[in-house]
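Student: Each protein sequence line maps, in turn, to chains L and E.
Per the working numbering, the very first residue in the first sequence carries number 14; after that it's consecutive.
Per the working numbering, the very first residue in the second sequence carries number 7; after that it's consecutive.
No lab work stands behind these hints, which were simulated from the structure alone.
It is possible that part of the hints are untrue.
With beta-carbon atoms standing in for the labels, derived distance ranges [unchecked claim]:
#1 L:62 / E:542: 47 to 57 Å
#2 E:293 / L:54: 32 to 42 Å
#3 L:72 / E:574: 17 to 27 Å
#4 E:368 / L:14: 22 to 32 Å
#5 E:488 / L:62: 16 to 26 Å
#6 L:149 / E:328: 24 to 34 Å
#7 L:62 / E:306: 24 to 34 Å
#8 E:542 / L:187: 46 to 56 Å
#9 E:493 / L:129: 47 to 57 Å
#10 E:368 / L:15: 28 to 38 Å
Cut-off 30 Å, straight-line C-alpha distance, at most; resulting in silico cross-link-like pairs (DSSO-like, lysine-lysine) [as the list claims (entries may be wrong)]:
#11 E:431 / E:392
#12 L:109 / E:317
#13 L:107 / E:304
#14 E:372 / L:55
#15 L:28 / E:304
Only a predicted model underlies this, so the values are computations on that prediction, with no experimental measurement involved.
In this text, a Cβ means the ideal position worked out from N, Cα and C, and glycines have one as well.
Given next are the chains, with one letter for each unit.
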Amino acid sequence: MRPLTEEETKLVFAKLACYIGRNIQLLIDRKDENYCFRVLGKRVYYVKESIVRAANCIGRDDLLSVGTCFGKFTHNGQFRLQVTCLDYLSQYAKYKVWIKPSSENSFVYGNHVLKAGLGRITDNTPVNQGVIVYTMGDIPLGFGTTAKSTADCRHLDPSAIVVYRQSDVGEYVRNEDDGLFS
Amino acid sequence: MSSKRIAIKKGNNSNGGQHKKSVVSKSNVVSKSNVRGRKPVASVAAPSSKKAPPPVDSDDDDDDNDDVPTTKKSLLSSDEEEAQPVARTNNSNIKMKAFSDENASWLKPKTKLPMNESDDDISGDDGEDEDDEDGEGEDSDDEEIDENDADLLPVERRALKEEKKAAKIRAEAEEDFQTSIRQDELMDADDDLGVPDDIDTEETALIDSEGREDALEDIYSRIQETVGIFANFKERRPEGVSRDDLMIRLRRDIKRYFGYSDFLIELYFNLFSPAETLSHLESNETSRPLTIRVNTLKNTRRDLAQILMNKGVNLDPIKWSKVGLVIYESQVPVGATPEYLAGHYMVQSAASFLPVMSLDPQPNEKILDMCAAPGGKTTHIAALMKNTGTLNANDIHKGRLPALVANLHRMGVTNCTVSNLDGRKIPSLPIKFNRVLLDAPCMGLGVVHKDPSVKSSKTEDDMRICTETQRHLILAAIDAVDVSSPEPIIVYSTCSISVEENEEIIAHALKHRWVKVEDSGLEFGAPGIVSFRGKKFHQSIEKSRRYYPHSNNIDGFFVCKLRKIQDGKKEKVQTHKQTADDVEEEDLAEERGGSLLLKANYKQNQAKAAANAPAKKQKKRKQSKKTSGKSNASAKRLKTSTS
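Please take these sequences and the hints and turn them into a complete structure.
Tutor: Structure below.
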């Protein structure tokens with residue numbers, strides 16, 4: 014278990030900034046307790062320092078996970094966010110999309126968000142912006158990228174894609190064996 | 007009969023190239039087309055080479071023979087003189103039977119179907135074929151009918167056939183009914199309950215039952231009867247049958263009806279009375295109600311219940327828990343709702359709430375879950391800790407860890423580390439915990455409904471391996487606890503109901519470590535078993551709790567709460583009889599180093615320890631003064647038990 018290198022930090026923060034912008038500051042400088050990022054293998058974890066201390070006692074080969082996994086570095090060095098960081102993203106998200114109950118299932122099965130399923134969207138959302146997807150009851154379901162800005166959304170026909178799905182909560186069930194966590 | 011006919015027909019149709027079936031079939035049934043308007047054609051069955059000339063155009067077969075004897079006679083006689091097989095129809099294979107003696111005048115020949123292979127009648131043939139194939143089995147009936155009522159319409163003939171069939175079926179049903187009544191009477195006979203006269207009691211004792219093919223319902227009713235007898239054996243015992251025989255037969259029946267191995271049946275009968283065994287085994291056949299646990303990190307029970315009810319889920323809160331809901335029926339799949347995926351609840355059996363409730367984790371503690379996968383109890387602990395402190399989840403099986411990590415992330419647990427260690431190695435880590443939960447791997451006798459293969463696959467060897475692992479694990483769990491914590495608690499739980507995996511393991515822990523059994527904090531459940539088949543355990547084990555599917559309607563479970571009093575191992579030898587204890591003492595010696603020398607020295611050390619007993623007691627008293635009053639009392643209790 015080691016801290017992030019400079020380059021790795023840049024990659025991770027760049028990705029996070031897509032979704033939570035400058036709120037990354039809030040992730041690092043927390044008032045209640047000190048959190049930090051650690052790397053285990055190829056995975057990046059966001060974890061309290063006290064837990065890191067406890068985990069230091071366990072050998073590297075036997076330790077599998079600490080705190081929350083945010084994502085992993087791919088073979089070519091890109092950083093990919095996973096659904097496991099959804100809780101933190103949804104706390105600090107700047108742009109949000111709410112979908113109707115009828116299309117909740119569809120999104121959770123892995124489909125994109127269509128205009129027909131769109132309930133609400135934050136004002137002035139630009140194109141290609143990272144957004145968090147919620148149910149109408151404010152339960153976070155996943156995140157994605159907008160295909161259209163808020164203004165354009167109003168003029169779309171119902172079957173047009175509004176948000177490209179990047180990660181959703183259904184992956185806990187769909188991708189159990191797929192290397193999501195092992 | 008029919009076979010004869012076929013043979014004959016074959017002979018007669020040698021010049022056919024006929025399809026055999028049609029040969030057989032067509033002769034039997036009179037085709038509708040032949041009833042009226044066509045000249046009746048005689049069957050080929052009769053071994054007569056003579057072919058009668060075409061008789062008078064008697065339209066139908068109902069003509070009375072008496073009416074026109076003379077004319078017929080004349081006709082026939084005249085025709086007979088010609089007496090040559092006239093190719094009446096196109097087919098040369100049609101043969102007609104005629105009576106060549108003086109009876110010819112009044113005896114009508116049997117009229118059967120012509121074997122019409124002509125193309126015109128193909129459709130008709132197919133229909134006839136079908137009929138005939140049905141009627142093939144009824145050849146004998148057919149003949150009888152024909153002999154008696156030759157002038158019946160074919161429809162009527164078929165009706166008669168059906169009636170005879172129905173009558174036969176009724177007769178058979180009546181017979182079955184009678185035999186079943188007889189069997190019931192045998193069963194209900196007051197004198198000889200269920201042991202029929204024809205079966206020798208010695209035979210039942212020899213446990214050979216392949217010969218008797220009893221229906222399952224019979225076996226079940228017999229099981230119930232025998233259980234009823236055992237409920238009040240003195241008064242209800244049948245004459246001439248010993249208790250042993252009855253028990254052997256009961257076990258045999260249970261084995262056949264439910265499918266358990268001998269080993270397990272033995273285990274159940276040692277644990278329960280026959281009546282309770284039966285109700286337990288029956289409850290093993292059905293599932294317990296589906297229950298979920300609300301994740302208090304993300305939602306409250308009331309809100310989630312409301313959300314789920316709006317989705318069409320019929321549920322109720324679990325009375326003895328603050329976070330449990332029992333689902334009766336649901337229109338949506340409970341394990342796949344968006345709320346489930348967002349981590350608002352966990353599908354978990356109600357019994358799994360109990361060890362965590364007993365552990366009672368507090369915020370800001372260091373807690374270890376030794377056998378954590380797939381993570382139901384771990385996430386429960388984290389919820390009770392409110393994501394503070396440190397939670398270590400460990401499991402020896404790497405393959406089960408992805409599920410554990412997934413559940414932790416899904417439920418929003420942030421204070422957890424996941425490790426893949428053998429639980430026995432954890433004490434050697436430079437970290438000690440405040441509380442430890444050990445949900446030990448077991449034989450799973452309490453969750454048979456989830457995995458029915460347990461019934462036949464578990465053997466005594468499995469039990470031995472299981473219990474050995476459990477013994478090592480519980481000692482490791484105790485060693486991993488920091489005694490100076492405010493509440494150094496270890497909770498041991500299994501989903502099994504055997505004494506060997508539960509109370510015996512606690513007794514093992516009590517013997518080798520300075521721990522004591524605490525009140526589990528659970529309001530319901532049967533107390534632990536203290537005396538079992540000659541083995542006696544420490545009285546405090548009564549505070550542990552046992553749960554059964556047939557009495558609590560939750561999975562079979564065992565929970566025991568231990569409090570650590572002191573570090574280190576117990577080296578004192580029990581002064582009472584040394585039986586299996588001796589073996590365990592040797593195990594201890596192996597733990598400590600395992601050389602023969604040590605074992606030899608061990609006996610010396612035992613003697614020395616006995617001599618030093620009073621000195622050790624003093625030491626303990628001093629130590630107990632340092633700690634709180636609670637452990638003082640407990641230390642005293644320990645002294646009295648070991649002295």
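Student: Okay, which hints does this one fail, numbers in order?
Tutor: none
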